[in-house]
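S.K.: Take the sequences, apply the hints, and build the full model.
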Amino acid sequence: MNKSLQPDLLALVRDPIDQAALIRHVRAAEDGAVVTFDGCVRNHSHGRRTLYLDYEAYESMALGKIREIAAQIHEKFPIHLVAIAHRLGRLEIRETSVFIAVSSAHRPAAFEACRFAIDTLKRTVPIWKKEYFEDGAVWADGEMPPAPLETRAAKPAS
Amino acid sequence: MALTAQAMARHTSAGYNSLVSLSSQTARVKVLFFGRLKEIVGQSEDSVELPDGAPIEALFSHYGANHPELARFRASLVASRNQEFAAWSTPLHSGDEVAFLPPVSGG
Chain A
1 MNKSLQPDLL ALVRDPIDQA ALIRHVRAAE DGAVVTFDGC VRNHSHGRRT
51 LYLDYEAYES MALGKIREIA AQIHEKFPIH LVAIAHRLGR LEIRETSVFI
101 AVSSAHRPAA FEACRFAIDT LKRTVPIWKK EYFEDGAVWA DGEMPPAPLE
151 TRAAKPAS
Chain B
159 MALTAQAMAR HTSAGYNSLV SLSSQTARVK VLFFGRLKEI VGQSEDSVEL
209 PDGAPIEALF SHYGANHPEL ARFRASLVAS RNQEFAAWST PLHSGDEVAF
259 LPPVSGG
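Chains as they are written, first to last, in the numbering used here: chain A, 1 to 158; chain B, 159 to 265.
Since the hints were made in silico from the structure, they are not lab data.
Below, a sample of chain B positions facing chain A; criterion: calculated Cβ distance under 8 Å: (1) Q241; (2) A245; (3) W246; (4) A257; (5) L259; (6) G264.
All residues carry an ideal CB built from backbone N, CA and C; glycine is no exception.
M.R.: Structure below.
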């Protein structure tokens, strides 16, 4: 678990993400590694030229799911701190949509935790992007979050 | 729990959607729409009255009946109740917040 008094930094933002601030936040004297992931807006999608993207979120739930990811990586990997920021609204080509920084005493934990964090975010956090092209716009193909199993209306008494 | 045709009547004069007659025990829930669902339904938020304990599935059917295009997306949607992913059979009670979530595409 997180032994530091300084908490993780987890946020949804509308302004450009300050990557240096997130790195500074997680980087401490006991850390030997900081691994970062910079998710950026690409200028093409399925062979079409992308003009810009527009992100929207179910904000209260998205923040809750990002907090769950932070808790999960503290449990699974011997890391120190994590910072995750996802930007919402209109983003231009080359801008950062999501940034993750993970610090740890030794590099394997930071690499693995960072990878786990972005992979889980893309699968479980309720954020959607609309892609704008020269000839129209589409909601990006997404991933279906893992849904809870359906239960029967009447459960047998135990 | 099946909703009767009468129960599905919309009481628009009351200023909100109602799936039930006002005499039975009811629950008022908040419903949120995102992404393409918001575009199909034409609103991001709604407030609905339904029988207390009715499943999320019944609430979705209410919107699906009014928006056939929405019903077509059913297989690719996940439901949430109070900011947690929830089974379609989850019973609803007053004050619950429900959302129908298209496949997520953050990152």
